[in-house]
Amino acid sequence: MLTWPPAVRVFVHTPPTDMRRGFDRLACMVQEILHQDPLSGHLFVFVNRRGDRMKILFWDRSGFALFYKRLEEGVFHLPAEDEGGVEIDVPRLTLILEGLDLSEARQHKRFCRPIGVT
Numbered sequence: 469m470l471t472w473p474p475a476v477r478v479f480v481h482t483p484p485t486d487m488r489r490g491f492d493r494l495a496c497m498v499q500e501i502l503h504q505d506p507l508s509g510h511l512f513v514f515v516n517r518r519g520d521r522m523k524i525l526f527w528d529r530s531g532f533a534l535f536y537k538r539l540e541e542g543v544f545h546l547p548a549e550d551e552g553g554v555e556i557d558v559p560r561l562t563l564i565l566e567g568l569d570l571s572e573a574r575q576h577k578r579f580c581r582p583i584g585v586t
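Positions in the sequence shown are counted from 1; adding 468 to them yields our numbering.
There could be a bad hint or two in this list.
Unchecked claim - Listed next, with one range per pair, are the computed distances between beta-carbon atoms:
#, residue 1, residue 2, range
1, 557, 503, 26 to 32 Å
2, 489, 562, 22 to 28 Å
3, 529, 569, 16 to 22 Å
4, 488, 578, 41 to 47 Å
5, 578, 501, 32 to 38 Å
6, 572, 541, 28 to 34 Å
7, 577, 534, 35 to 41 Å
8, 473, 583, 39 to 45 Å
9, 531, 582, 23 to 29 Å
Claimed, not checked - Taking lysine to any residue and the SDA-like style, the derived pairs with C-alpha atoms no more than 20 Å apart in a straight line are:
#, residue 1, residue 2
10, 537, 505
11, 523, 503
12, 577, 565
13, 523, 583
14, 523, 537
15, 523, 579
16, 523, 578
17, 537, 520
18, 523, 572
19, 537, 503
20, 577, 539
21, 523, 567
22, 523, 581
23, 577, 554
24, 523, 509
25, 523, 582
26, 523, 549
27, 577, 552
28, 577, 505
29, 537, 558
30, 523, 483
31, 537, 526
32, 537, 500
33, 577, 549
For the record, the hints were derived by calculation from the structure and aren't laboratory data.
Built from N, CA and C at the ideal position, the CB exists for glycine as well.
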């Protein structure tokens, strides 16, 4: 599995995408639909109509890279649909890639020591 730093932003294009689209057409979608810079180094996620295939486009300082995943069973459970897309964080993307349905998941409260307290 690929790992990305938590500071990377993740933009999910929620409407179905034709998986025949390659680097250039996906980069155009990033600019025209998501209104983002495809050369930013952030991740741009696209899923097909059936929801069983996902492409993640990103720029790695020397060119575009494309991660493509096809599920043998089941579908990816994306966040609630928005007009063109929605932003999520890297841990949520990892959970989606692992097959979790985030709409049914609950995040439990965690203890966090206040800064400056020993």
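Given the hinted pair residue 523 and residue 578, is their Cα-Cα distance within 20 Å? Violated, at roughly 33 Å.
Given the hinted pair residue 537 and residue 558, is their alpha-carbon gap at most 20 Å? Distance ~16 Å between residue 537 and residue 558 Cα, so the pair holds.
Pair hint outcome, residue 577 versus residue 549 [Cα-Cα no greater than 20 Å]: Measuring from Cα to Cα gives roughly 26 Å; hence the hint is violated.
Compare the distance between the alpha carbons of residue 523 and residue 572 with 20 Å, and conclude whether the hinted pair is satisfied. Violated, at roughly 24 Å.
Starting from the range 32 to 38 Å, see whether the pair residue 578 and residue 501 falls in it by beta-carbon distance. 35 Å Cβ-Cβ, so the 32 to 38 Å window holds.
Given pair status - residue 500, residue 537, alpha carbons within 20 Å: violated (24 Å)
20 Å Cα cutoff - pair residue 537, residue 526: Holds, at about 15 Å.
Has the given pair, residue 523 with residue 581, been kept, meaning a C-alpha gap of at most 20 Å? Not OK: residue 523 and residue 581 at ~38 Å, beyond 20 Å, violated.
Is residue 537 close enough to residue 520, meaning Cα to Cα at most 20 Å? holds (8 Å)
Going straight from one Cα to the other, do residue 537 and residue 505 come out at no more than 20 Å? violated (23 Å)
Taking 20 Å as the top limit, are the C-alpha atoms of residue 523 and residue 582 close enough? Given pair residue 523, residue 582 is violated - Cα atoms ~39 Å apart, limit 20 Å.
Does the Cβ distance between residue 529 and residue 569 fall inside 16 to 22 Å? Since residue 529 and residue 569 have Cβ atoms about 34 Å apart, the given range 16 to 22 Å is violated.
Violated hints, listed in ascending order, are 1, 3, 6, 8, 9, 10, 12, 13, 15, 16, 18, 19, 20, 22, 23, 25, 27, 28, 32 and 33; each of the other numbered hints is respected by the structure.
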